[in-house]
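For the sequence shown, the positions run 34 to 302 when my numbering is used.
I should point out that these hints are in silico values taken from the structure, not numbers from a laboratory. Owing to the predicted nature of the structure, the values given are computational and were not obtained by experimental measurement. Don't take every hint at face value.
[Claimed, not checked] Below, computed lysine-lysine pairings styled on DSS-like, alpha-carbon distance capped at 27 Å:
id : residue 1 : residue 2
1  : Lys235    : Lys265
2  : Lys251    : Lys235
3  : Lys251    : Lys265
[What the hints assert, rightly or not] Label-pair ranges, simulated between beta-carbon atoms:
id : residue 1 : residue 2 : range
4  : Arg220    : Ala266    : 33 to 41 Å
5  : Ala290    : Pro252    : 39 to 47 Å
6  : Gly208    : Thr264    : 23 to 31 Å
7  : Asp51     : Leu188    : 38 to 46 Å
8  : Pro127    : Arg262    : 41 to 49 Å
9  : Asp126    : Asp179    : 23 to 31 Å
10 : Thr128    : Lys55     : 42 to 50 Å
11 : Leu54     : Gln295    : 28 to 36 Å
Idealized CB from N, CA, C, for every residue including glycine.
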Amino acid sequence: MNALPLADIPGLPGLPADRILKTLRTHRQGPLLTVELNVPEQGNAVTDAMLGDLLTVLDDQDPAVRVLVLAAAGDDFCLGGDRGEFAEHLAHDPTGGGVRASGTMARRVCDALTANPAVTIARVQGRAIGAGLALALACDLRVGADTATFRLPELALGLPTAWGGLLPRLISEAGAARVRDIILTGRVFDAEEAHTLSILQKVVPEDALDAAVTDWAKPVLRRPAPALRVTKALLNSLTASTRLADASVLDPELLAAVLTEQQQASTAH
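With the hints as extra help, turn the sequences into a complete structure.
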């Protein structure tokens with residue numbers, strides 16, 4: 034994991050707070066924390082282990098952190114949820130208890146990113162699919178490589194778009210009509226379209242991703258911490274007021290209901 038070029042920021046000491054977890058690596062530079070999804074050989078697919086590691090990092094986050102960068106190792110940001118793990122959950126508990134527990138963790142992780150007192154920045158390269166798109170969308174600011182691609186294939190896989198509160202966030206950012214298109218077709222869309230949809234706020238060449246993150250981080254790190262914290266809370270509050278019908282708290286139940294019904298139908302045949 035490369036450090037971002039932030040040495041010229043006054044009062045930014047380097048703190049030895051790097052951590053290596055099973056599925057993540059973290060790197061701390063003063064009030065900036067980078068959290069890197071680190072299972073590139075599996076396309077950084079989201080597993081319960083990754084959700085647990087993310088919760089560990091987010092729950093233990095130092096209040097002095099003012100910017101959190103969510104990045105990923107390898108060619109792809111994240112290829113979505115691990116469907117094999119869903120199958121294992123159903124094999125162990127056909128009533129869907131394991132799927133519900135996993136869905137609840139997903140919601141907690143995305144909510145922790147959104148409600149984080151620090152400004153969160155998603156750094157996206159390669160493919161961001163399903164749950165990977167949800168993780169990026171939970172962040173305040175999102176920059177993607179011009180070669181990045183996005184997809185929500187859940188419907189084609191026989192799943193509802195019910196993971197981590199993705200759907201209300203996506204409708205709030207991109208608009209309902211456009212969201213219907215990308216969900217119902219399950220088509221791949223590129224970084225420029227993601228920018229048009231406000232899924233990304235910046236698109237840059239892949240070798241300029243770190244510089245783009247730094248361009249956002251530098252001014253934020255200079256802001257007084259109390260004003261930054263309150264402003265972030267205000268923005269979250271005002272955004273939430275546009276999602277009064279947000280029923281994504283039911284995401285784990287919906288996901289479990291669909292998967293268990295499919296499991297029952299397959300065993301009946």
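Here is what the structure says about each hint:
This hinted pair checks out: Lys235 and Lys265 have alpha carbons roughly 20 Å apart, not beyond 27 Å. With a C-alpha separation of about 16 Å, the suggested pair Lys251 and Lys235 falls inside the 27 Å cut-off, and the hint holds. Taking the CA atoms of Lys251 and Lys265, the gap is about 16 Å. The hint holds against a cut of 27 Å. A C-beta distance of roughly 36 Å is found between Arg220 and Ala266, which places it inside the suggested range of 33 to 41 Å.
As the Cβ distance of Ala290 to Pro252 is approximately 45 Å, the hint placing it in 39 to 47 Å holds. Distance hint check: the CB atoms of Gly208 and Thr264 are about 25 Å apart, consistent with the given range 23 to 31 Å. Look at Asp51 against Leu188: about 40 Å separates their beta carbons, and that is inside 38 to 46 Å. The hinted window of 41 to 49 Å between Pro127 and Arg262 holds, with their beta carbons roughly 45 Å apart.
In this structure, Asp126 and Asp179 break the distance hint of 23 to 31 Å, their C-beta atoms being roughly 43 Å apart. Hint check: Thr128 to Lys55, Cβ distance near 28 Å, so the stated range 42 to 50 Å is violated. Roughly 32 Å separates the CB atoms of Leu54 and Gln295, a value that falls within the hinted 28 to 36 Å.
The structure does not agree with the numbered hints 9 and 10 stated previously, though it agrees with the rest.
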